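Got two chains here, separate frames each, mind docking them using the hints?
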Amino acid sequence: MRLDPQVKEKLKKTFSAELSASRNAVRITSSYPFSKEYIDSILARFPEFSGGNVENVVDKQILGGFIIQSGSQMVDLSIRSALHLLQKKLYESV
Amino acid sequence: MKAFDQYLKQIEQEIKTKKVGYATDEIGSVQEVHDGVALVAGLDKAGFGEVVEFESGVKGYIIDMTEDSVGVIVLGDYLLIKSGEQVKALNYTLSVPVGDEFIGRSINPLGEVIDGGAAINAVSRNPVEKVAPSVVYRKSVTVPLQTGIKSIDAIFPIGRGQRELIIGDRGTGKSTIALDTIINQKGQGVICIYCGIGQKNSKIALVSELLRKHGALDYSIIVSASASDPAALQYLAPYSASAMAEYFMSKGKDVLVIYDDLSKHAWAYRQVSLILRRPAGREAYPGDIFYLHSRLLERACRLDPKYGGGSITALPIIETLEGDVSAYIPTNVISITDGQIFLETDLFNAGIRPAINIGISVSRVGGNAQTKAMKQVAGKLKLDLAQYREMAAFSQFESDLDEQTKKLLNQGAKVTQLMKQDKNKPYRLGEEIIVLWAANKGYLESVPVTAVNDCEAQLLSAIRTRGQKLCAKIEKEKIVNEETEAELKPFVKDIVEGFVTT
Numbered sequence: 003m004r005l006d007p008q009v010k011e012k013l014k015k016t017f018s019a020e021l022s023a024s025r026n027a028v029r030i031t032s033s034y035p036f037s038k039e040y041i042d043s044i045l046a047r048f049p050e051f052s053g054g055n056v057e058n059v060v061d062k063q064i065l066g067g068f069i070i071q072s073g074s075q076m077v078d079l080s081i082r083s084a085l086h087l088l089q090k091k092l093y094e095s096v
Numbered sequence: 010m011k012a013f014d015q016y017l018k019q020i021e022q023e024i025k026t027k028k029v030g031y032a033t034d035e036i037g038s039v040q041e042v043h044d045g046v047a048l049v050a051g052l053d054k055a056g057f058g059e060v061v062e063f064e065s066g067v068k069g070y071i072i073d074m075t076e077d078s079v080g081v082i083v084l085g086d087y088l089l090i091k092s093g094e095q096v097k098a099l100n101y102t103l104s105v106p107v108g109d110e111f112i113g114r115s116i117n118p119l120g121e122v123i124d125g126g127a128a129i130n131a132v133s134r135n136p137v138e139k140v141a142p143s144v145v146y147r148k149s150v151t152v153p154l155q156t157g158i159k160s161i162d163a164i165f166p167i168g169r170g171q172r173e174l175i176i177g178d179r180g181t182g183k184s185t186i187a188l189d190t191i192i193n194q195k196g197q198g199v200i201c202i203y204c205g206i207g208q209k210n211s212k213i214a215l216v217s218e219l220l221r222k223h224g225a226l227d228y229s230i231i232v233s234a235s236a237s238d239p240a241a242l243q244y245l246a247p248y249s250a251s252a253m254a255e256y257f258m259s260k261g262k263d264v265l266v267i268y269d270d271l272s273k274h275a276w277a278y279r280q281v282s283l284i285l286r287r288p289a290g291r292e293a294y295p296g297d298i299f300y301l302h303s304r305l306l307e308r309a310c311r312l313d314p315k316y317g318g319g320s321i322t323a324l325p326i327i328e329t330l331e332g333d334v335s336a337y338i339p340t341n342v343i344s345i346t347d348g349q350i351f352l353e354t355d356l357f358n359a360g361i362r363p364a365i366n367i368g369i370s371v372s373r374v375g376g377n378a379q380t381k382a383m384k385q386v387a388g389k390l391k392l393d394l395a396q397y398r399e400m401a402a403f404s405q406f407e408s409d410l411d412e413q414t415k416k417l418l419n420q421g422a423k424v425t426q427l428m429k430q431d432k433n434k435p436y437r438l439g440e441e442i443i444v445l446w447a448a449n450k451g452y453l454e455s456v457p458v459t460a461v462n463d464c465e466a467q468l469l470s471a472i473r474t475r476g477q478k479l480c481a482k483i484e485k486e487k488i489v490n491e492e493t494e495a496e497l498k499p500f501v502k503d504i505v506e507g508f509v510t511t
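Chains as they are written, first to last, in this note's numbering: chain D, 3 to 96; chain W, 10 to 511.
Just chain W, same shape as in the assembly (with noise of 0.2 Å):
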């Protein structure tokens, strides 16, 4: 006992020498635990945004204050919270570790890995809030970003700092747009993150395998607050998104982000808004639905290379209820976007995927940012479209038209076939244009509207394997002058001609 008692003389000793500094905390006890949302009392001079840790070791975060008490979102399981436990502010606002290792990934919006993966020690962290980039910083959007979907990059054409809504119903088509466009940033210097809110687990790990399958997870992450997370992660997912794009648009590079979908996340601020007890407007939406993704799409934008460069498009998406799309949520985000790419079940059936409604679907800034061989062609075609949509109701006259209108009328529904694409099969630059190019110069005419596809897939190959070199060429040049039309000329007529034989 000796010992011991020479151990607590030395300790006694220790402290008496010893300062001791002591920080004062901010604390205050539970009031009430509602699904995934805590009011707590005191908490005085705590701040909106400040994260704070519960005695359970569970954290959260401080999103509404009234006089007297503050709500609290609970970033783990609120379960273990008891009413009375104590609280306490840790007097820093919420961030997400960031950096390249996240790569290849699949986190929640905290951060921590999701796929099984090892634990990724990141060194820097990001706001997830964070006011976006003022108008000294920005520069307007000018370089093309390819979504490898020739409707898209033809007629909507989406620039490097856009935003681009997809909207439309269910089962139309509108994560696999997004997930084509991620398909063909290989090689393009694009980081992608793919931000899933409130989606199927099975679901996530379906895109985490094609991207996977198809070499994209090389500049991909996969960022997920699935159905059975609770409504907070969901709340916070597309903000965490963006913290972890704007680390790599720091750096310099051009990201794309696409939020899949903002209904749901506009479904889970609802229901924390409603156990906060704010008043309900339009759909029990609270008045800030709007404010909600404003702030989370101008983060998206193009930096001026004085500031660094870089850029994040945003690909937002936006399930509709029968094509509704004067419902809340739609015409808020598609007043937001620069524009909307509409898809629509009936064309879905039809056939015609992706089913891009061209009548209303626009891309307000992409077109300065269009290639100027992609132009070229992209003028003719859009004529070709409009005219078509403008007669097609005559269509069914057919014996009575003039040869004007009838040569119209095939033309239309020739590119209207030609539109369509096979999900996951994107195409280059160059491939778009020369397919494009010959749809234009007519060569199509002598082809039955019901082999429009199978010519085009004879076109492709033939461009895959013989044409390699000119459509190299194209995409260097970014233009087609009157030499690459001579040398373009007895390329496609050849395989149309031989395909009519046939």
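If we strip away everything but chain D, and leave its shape as in the complex, we get (with noise of 0.2 Å):
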């Protein structure tokens, strides 16, 4: 395709802003919502996670705890992980 090299470069600047923005976003997932200075203060003990745009996700069905997520990265401390894992273990020793 041809481009005007000047809208190319443009084009490519902005893609590249986005594609890194929704590289470095972090998702919280919790039961309820959580304020900006909970989650700021949750963030500071995962430093692999700061630096990056945070968005808030409520999900009932999590029950509780949280979810935080980048990319292809998560960390699981919800209520619901940990009664599968019982269960799993549970079922495991019969």
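These are computed hints drawn from the structure, not numbers from a lab.
The model shown is predicted, which means the values in this text are computed figures rather than measured ones.
Quick reminder that beta carbons are idealized off the backbone N, C-alpha and C, glycines included.
Some clues are possibly wrong.
Under the rule of at most 25 Å between Cα atoms (straight-line distance), these lysine-lysine pairs were calculated in the DSS-like manner [claimed, not checked]:
(1) W:195 with W:485
(2) W:28 with D:91
(3) D:90 with W:28
(4) W:68 with D:90
(5) W:434 with D:91
(6) W:315 with W:262
(7) D:91 with W:27
(8) W:91 with D:62
(9) D:62 with W:25
(10) W:222 with W:91
(11) D:90 with W:91
(12) W:18 with D:62
(13) W:18 with W:28
(14) W:195 with W:478
(15) W:222 with W:209
(16) D:62 with W:97
(17) W:222 with W:434
(18) D:38 with W:28
(19) W:389 with W:262
Facing chain D, according to a computed beta carbon distance under 10 Å, are these residues of chain W, among others [to be verified]:
(20) 32
(21) 33
(22) 182
Here are the computed distance ranges between Cβ atoms for each label pair [as the list claims (entries may be wrong)]:
(23) D:66 with W:126: 38 to 48 Å
(24) D:86 with W:260: 47 to 57 Å
(25) W:77 with D:90: 28 to 38 Å
(26) D:34 with W:130: 41 to 51 Å
(27) W:23 with D:34: 16 to 26 Å
(28) W:133 with D:20: 44 to 54 Å
(29) W:23 with D:90: 31 to 41 Å
(30) D:25 with W:152: 53 to 63 Å
(31) W:74 with D:86: 26 to 36 Å
(32) W:74 with D:57: 52 to 62 Å
So, in structure tokens, the structure goes:
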């Protein structure tokens, strides 16, 4: 495709900016909305997840605790996953 | 309700004081699901060969990585997997449970019992994919592995640690040779693993029954991914069998592994590769089809006693179509192995069973492993058969031939008859040697060609009754010396002459 070099350059910049923003985006899933300060205090404990845009998603399904996720990295500290783990361990021992 | 409040308080207290550790998981989401293969986006830091777990609890195994997604073969029911489902990397490569408990059992490639018996709780696990031992750890093949089949033990001897291909059309007795070899390992201290790939479940049941009947299950394991199992499991089966064999080898034992058959294994891998959209090459096989089999068969070896000894002998089986050995997979595996036993439909139909084509079968390293006694009798046998093949074309002009040629033809025809052997009736080493010795010394001259097999049967029954001591002596000394020959002469003569008169 033929493009004006200037336009192409601009497009490239916008595209890479968008991409890096989405790559660094951090998503915190919780069972009720977290306040800004609370989120900051959580992120302070997880240095590998700091530095991106933070989005707080509310999902009652996780029951409690929170899931923090960025790209393909995830830390699951939800009650749901803890219960799943318990269930698995119980069945394993049978 | 007071109790409940108290309870909650206690939990809160506990959480406050307790430090919660956490682990960062590597996750992705399912994009596409095909027959037994799932394409997963994400999993950026997962490694090749790593095991992943789907939300539904099914496990998978990474065998393909592209820029932004990975290909996972599903080890279980792929119909449970939904698009968009979360996938978690489990941080370890695929391994199978191994141990002595598996002897006598039938299992699938994941080590789960399929014979209806109790589940096995194995302590140790071995990786499915393992790099073969390097040169330093190896020793050349010197110990024979007796198949109990006269023609193979005499002409194409197999040594422990060798890889000998069994190749032929369907219904030519490939599996029979392999199973006879297993049956003959009774009391030889060899652990046998029969790995069925894409076989009918009925056949696996037959194999299991046959081995049980001959008491061979006491030292055998059956690993099977049947025709109804997903291609992913069929692909894994031989590696899994190999992992099992490596466990016993590491204990210093000799192991025999039968891969029945590698053509179906190549088909399963072709299916997986085409679903993963890898470029198709010759016969639509992917580019790494050679490596698929070479890395498997390279794991067969004989370890130096310094590194624990032990060996893995591999007998891969390949099914050809219309006797075409120049197809892709047969040529590949022929070049990887240390020789091949070629079975032919024509010979089979002519009643020569095992239907081994002596002209194009070969064993490249087994000669070093052959016992001295067998070498003594096999030399002349090979010559007889080679000359017979050369002269066979003239046999129709029998009346015009000179005495020498007639004699050659006669001897050749008889030796060819003598190479026949019923299935599931392996011979002891001593029995093989006495029978072949008799043929070499010309005792069959007076026996008509059609009666060779009857005469042999009588000789065999005599060896098994009166000749036990002689047989044991040869097996012990591993050589036919003059003293033994002096004993053999009257023994054989007695039977052959007695046979002619009756």
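Here's how the hints hold up against the structure:
A C-alpha spacing of about 17 Å is found between residue 195 of chain W and residue 485 of chain W, which places the hinted pair at or below 25 Å, so the restraint holds. For the given pair, residue 28 of chain W sits about 21 Å from residue 91 of chain D by alpha-carbon distance, which is consistent with the 25 Å threshold. Simply put, residue 90 of chain D and residue 28 of chain W have alpha-carbon atoms about 23 Å apart, close enough for the 25 Å limit, and the pair holds. With a C-alpha separation of about 14 Å, the suggested pair residue 68 of chain W and residue 90 of chain D falls inside the 25 Å cut-off, and the hint holds.
A threshold of 25 Å between alpha carbons decides the hint, and for residue 434 of chain W with residue 91 of chain D the separation of about 50 Å lies outside it, so the pair is violated. Restraint check: the Cα-Cα separation between residue 315 of chain W and residue 262 of chain W comes to about 14 Å, which is no more than 25 Å; the hinted pair holds. For the hint linking residue 91 of chain D to residue 27 of chain W, the alpha-carbon distance of about 21 Å falls within 25 Å, and the restraint holds. Our distance criterion of 25 Å between C-alpha atoms is met by residue 91 of chain W and residue 62 of chain D, whose separation comes to about 22 Å.
A hinted pair counts as satisfied when its Cα atoms are at most 25 Å apart, and residue 62 of chain D with residue 25 of chain W qualifies at roughly 23 Å. Distance restraint check for residue 222 of chain W and residue 91 of chain W: the Cα-Cα separation of roughly 46 Å exceeds the 25 Å cut-off, and the hinted pair is therefore not satisfied. Of the pairs offered as hints, the one joining residue 90 of chain D and residue 91 of chain W holds, with about 21 Å between alpha carbons and a cut-off of 25 Å not exceeded. The straight-line distance between the Cα atoms of residue 18 of chain W and residue 62 of chain D is roughly 22 Å, inside the 25 Å bound, and the hint therefore holds.
Distance hint between residue 18 of chain W and residue 28 of chain W is fulfilled; the C-alpha atoms sit about 17 Å from each other, no more than 25 Å. A hinted pair counts as satisfied when its Cα atoms are at most 25 Å apart, and residue 195 of chain W with residue 478 of chain W qualifies at roughly 20 Å. A threshold of 25 Å between alpha carbons decides the hint, and for residue 222 of chain W with residue 209 of chain W the separation of about 20 Å falls inside it, so the pair holds. Only pairs whose Cα atoms come within 25 Å are accepted, and residue 62 of chain D paired with residue 97 of chain W is accepted, the gap being roughly 22 Å.
Under the criterion of a C-alpha separation no larger than 25 Å, the hint pairing residue 222 of chain W with residue 434 of chain W is consistent with the structure, at around 13 Å. Among the hinted pairs, residue 38 of chain D with residue 28 of chain W is consistent with the structure: their alpha-carbon atoms are about 23 Å apart, no more than 25 Å. Between residue 389 of chain W and residue 262 of chain W the CA atoms are separated by roughly 34 Å; this puts the pair beyond 25 Å, and the hint is violated. For residue 32 of chain W, the suggested interface contact is upheld, since its CB lies about 7 Å from the closest CB of chain D, less than 10 Å.
Satisfaction of the interface hint for residue 33 of chain W is found here, the shortest Cβ-Cβ separation to chain D being roughly 5 Å, below the 10 Å cut-off. Interface restraint check for residue 182 of chain W: the shortest CB-CB distance to chain D comes to about 45 Å, outside 10 Å, so the restraint is violated. The supplied range of 38 to 48 Å is met by residue 66 of chain D and residue 126 of chain W, whose beta-carbon atoms lie about 43 Å from each other. Restraint check, residue 86 of chain D to residue 260 of chain W: a C-beta distance of roughly 38 Å breaks the suggested window 47 to 57 Å.
The hint said 28 to 38 Å for the Cβ distance between residue 77 of chain W and residue 90 of chain D, and at roughly 30 Å that hint holds. The hint said 41 to 51 Å for the Cβ distance between residue 34 of chain D and residue 130 of chain W, and at roughly 44 Å that hint holds. For the hinted restraint 16 to 26 Å between residue 23 of chain W and residue 34 of chain D, the CB-CB distance of approximately 21 Å keeps it satisfied. The given range of 44 to 54 Å is respected by residue 133 of chain W and residue 20 of chain D, whose C-beta atoms sit roughly 50 Å from each other.
Roughly 22 Å separates the CB atoms of residue 23 of chain W and residue 90 of chain D, a value that falls outside the hinted 31 to 41 Å. For residue 25 of chain D paired with residue 152 of chain W, a C-beta distance near 59 Å keeps the hint of 53 to 63 Å intact. At roughly 28 Å, the beta carbons of residue 74 of chain W and residue 86 of chain D sit within the given window of 26 to 36 Å. A C-beta distance of roughly 28 Å is found between residue 74 of chain W and residue 57 of chain D, which places it outside the suggested range of 52 to 62 Å.
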